[in-house]
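S.K.: Please work from the sequences and hints to get the whole structure.
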Amino acid sequence: MAKEVFMPKLSSTMETGTLLQWFKQEGDPVEVGEPLLEVMTDKINIEVEAYEEGVLLKRYYDEDEEVPVNGIVGYIGEEGEQVPEERPGTEDKSEPESIRETPAQTAAEQTAGTEKVEGVRATPAARRLSRESGVELSLVQGSGAKGRIHAADVHAAADKQHVRSTPLAKKEAQANSVDLSAVKGSGSYGKIRRADVTSQSAEEELRSEPLQGVRKVVAERMQQSAGEVPHVTLHTEIDMEAAMELRTQLLPVIEKQTGERLSVTELLMLVGSRALQKHPAVHASMTDNRITKQSSVHMGLAVATDRGLLVPVIRNTETKGLAELVAETKQTAAAARNGTLPGKELSGSTFTISNLGMYAVDHFTPIINQPEAAILGVGRMQEKPVVIDGEIAVRRMMAVSLSFDHRIIDGAPAAAFLTDFKQMLEQPYQLFV
Amino acid sequence: MQSSAVNSSNNKETTRSITFAEAVREALSQEMREDQDVFILGEDIGVYGGAFGVTRGMIEEFGPERVRNTPISEAAITGAAIGSALTGMKPVVELQFSDFITIAMDQLVNQAAKLRYMYGGKGNVPMVLRTPSGSGTGAAAQHSQSLEAWVAHVPGLKVVQPSTASDAKGLLKAAIADPNPVIFYEHKLLYKTQEHVPEEAYTIPLGEADVKREGTDVTIVATAVMVHKALEAAEKLAEEGIDVEVIDPRTLVPLDEKTIVDSVKKTGRVIVVHEAVKRGGYGGEIASMIAESEAFDYLDAPVRRLGALPIPVPYNPALEKAMVPQMDDIMQAARDSVHRR
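Chain order of the listed sequences is A and B. The first sequence: position 119 = 119 (our numbering), numbered continuously. The second sequence: position 314 = 314 (our numbering), numbered continuously.
Keep in mind the hints are simulated off the structure, nothing from the lab. Even for Gly, the Cβ is constructed at its ideal location relative to N, Cα and C. Hints should not be assumed to be uniformly reliable.
Computed far set for chain B versus chain A, every beta-carbon distance over 12 Å [unchecked claim]:
1) T137
2) G138
3) H143
4) P198
5) G241
6) E257
7) G268
8) G284
9) D297
10) D300
11) P310
12) D329
13) D336
14) R341
Selected chain B positions facing chain A (Cβ under 7 Å, derived; list incomplete) [stated by the list, open to error]:
15) K192
16) Y202
17) Y298
18) L299
M.R.: See below:
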């Protein structure tokens, strides 16, 4: 009996998921725990694994289609088993029962299975050569109009099949979809060995990959924001001596409480939250031509992960002390890096901080995380000669840049916000006011 | 028009170049000298020599009994020919323009094509109907058509469409010898083309195609004047590295299927070219025959047809030319076939 593959509910608020990609073709064997498809929710994308062993009988959705939660995206079962042609409804759980196959249909399906290449566009000559040489047309790349396979394509494919390789290399090539004929063999008489294939596949990966998953989301959001929003960026340098002194003193205290080390990021979050509360104009968002003034500060934190940029959200930072911020920030960032962060913790921020201070970046102009009104970009801290009271002194200076949406905020309130932010860091006791 | 590929003949001592029209006249004269039953009839074929001068001088040799001027009635001329053929004569009719075959259609379709069958083989209709066809002379819509598909459709009629002087001579002699009615098309633009034609009597059997040029990449099946355009195209395509085979079926009925099928099996690609309107043209028959044949499994490109646009032949020379396939069209079709487009 074929088993359904459902669109999983990955968060309490998730209603639909976007099917990013299938890892299996119809007819492919599937093992329990093998990745079957990739799903994207709000911001996170997750690989959905197979719960059943068998053959992927049917795929009802194409890539990039939206699927309702608990919608049946496919079936896994035994080869030849009958499943509905049309996409089944989501609500009726008994539906799969009703399609229990009639024997006649099954037989018809099985005989039809031998005519696998019916959808291939190929000339009669190419088909004849395919029959004669045993080259499967579905594996041949057509060079003609609309991908039509010509005789020359089958000849070329047949030639490729005669590539000398070790069985292990062949398996490796299949697993990584490496074209063996393009691999240079290092074995005797040019025989392709496994190492040749692995180096080749690593090379090929470098060349190109489809825009998908987190990368795709980032690409779309960045393009949208950079295109739609009139960005203005204000730069200032902050004397961090006092803030760093504060950090030095609080470090053991917070480490004792949370087991984590206080970093500049949390200080910036705390100061940023205060400054936002003092400057409600900056703490706003715009959707559908409506400006919403935010009250609670939900701080988005740009985090670099292997899969690309994620912005996990720490909620209600205006109510939280440094210890709480440290604990929550470290946990959330780690979860984001591991890809285990639930989707809801990746959305709903009201302001974003992007800290590149760990790199040799003096300052940069961040792109606003829409629909927010502003984003703070943080550069590295550096000892610099500065003039204080007519004397040159060496101080730890840090450049920050505030990009704001000029549709929502004017220059003056943004500058006022940044000034306050700078002063609170330079004179941290202001935080007690 | 020069027939380029064919007249570069080699045997110097017998090189005697005559025109297509002269070759037809020679075939008629040789048959008439040989066989007293052969006679010709048509409008103004006597002293005037016919609309294109093909029979010029023949009345002087054979006299008005055997070179008979007729009234202007294609139905009557054809009917008279059929009647005399049934009695054992071998008439050769000339219709001034093949467009007027429509007037003789009842005689051809319901009489000439049917009588042998209706009489259970006890009567034959050994007649030939010669008629000039095709466009390119500025003769406009009623004097320029290529209606060979009409007659090719009717069982009982044989249809010949030669493209060169030497073919015309041999085929006309075979047509006259044939005991069945044969429609013999002579393209107007070919009348003045010259090539070496052997002086002695010879026949070319009906139903034997001729490979006018051998090639390996694409087969062009062309008829009448299109044979020459295909050959010119082939020469130019050779410069592009495309090796074209040109086949002239020479007779549409019977059709030499084997030569065409063998060629397509060799090249895997085929273009069928004729001057007649593409829609309902005989090219469709040839293309279908190929698709049904053993050559199907060798086809590596769609079978392509080139034919005239479905419009009356325009009087304007530029439009007249634009209506029918030209060398560039043939070249492009060949490129598309070979380059998998």
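S.K.: Over 12 Å from every CB of chain A: does G284 of chain B meet that, or does the non-interface label fail?
M.R.: 19 Å, holds
S.K.: Check the non-interface label on R341 of chain B: least C-beta distance to chain A beyond 12 Å or not.
M.R.: 5 Å, violated
S.K.: Grab the minimum beta-carbon distance between E257 of chain B and chain A and tell me whether it stays above 12 Å.
M.R.: Consistent with the label, E257 of chain B stays out of reach of chain A, its closest Cβ about 17 Å off (over 12 Å).
S.K.: Taking the least C-beta to C-beta distance, is L299 of chain B closer than 7 Å to chain A?
M.R.: 5 Å, holds
S.K.: Would you assess whether P310 of chain B, listed as outside the interface, keeps its beta-carbon beyond 12 Å of every beta-carbon in chain A?
M.R.: Its Cβ never comes within 12 Å of chain A, the nearest being 25 Å, so this holds.
S.K.: With 12 Å as the threshold, tell me whether P198 of chain B passes as away from chain A on beta-carbon distances.
M.R.: 40 Å, holds
S.K.: Checking a non-interface call: every C-beta of chain A should be farther than 12 Å from the C-beta of G138 of chain B. Is that right?
M.R.: 39 Å, holds
S.K.: Quick one: work out the minimum CB distance from T137 of chain B to chain A and report holds if it exceeds 12 Å, violated otherwise.
M.R.: Given that every Cβ of chain A is farther than 12 Å from that of T137 of chain B, nearest at about 38 Å, it holds.
S.K.: Is the Cβ of G268 of chain B farther than 12 Å from every Cβ of chain A?
M.R.: About 5 Å separates G268 of chain B from the closest Cβ of chain A, which leaves it inside 12 Å; violated.
S.K.: Quick check for students: does the CB of D300 of chain B sit more than 12 Å from each CB in chain A?
M.R.: 4 Å, violated
S.K.: Find the nearest Cβ of chain A to the Cβ of D329 of chain B and say whether that gap is larger than 12 Å.
M.R.: It holds; D329 of chain B is separated from chain A by about 18 Å at its closest Cβ, greater than 12 Å.
S.K.: Using Cβ atoms and 12 Å as the threshold, tell me whether D297 of chain B really stays out of contact range of chain A.
M.R.: Answer for D297 of chain B: violated, closest chain A Cβ roughly 4 Å.
Of the numbered hints stated above, those contradicted by the structure are hints 7, 9, 10, 13, 14, 15, 16, listed in ascending order.
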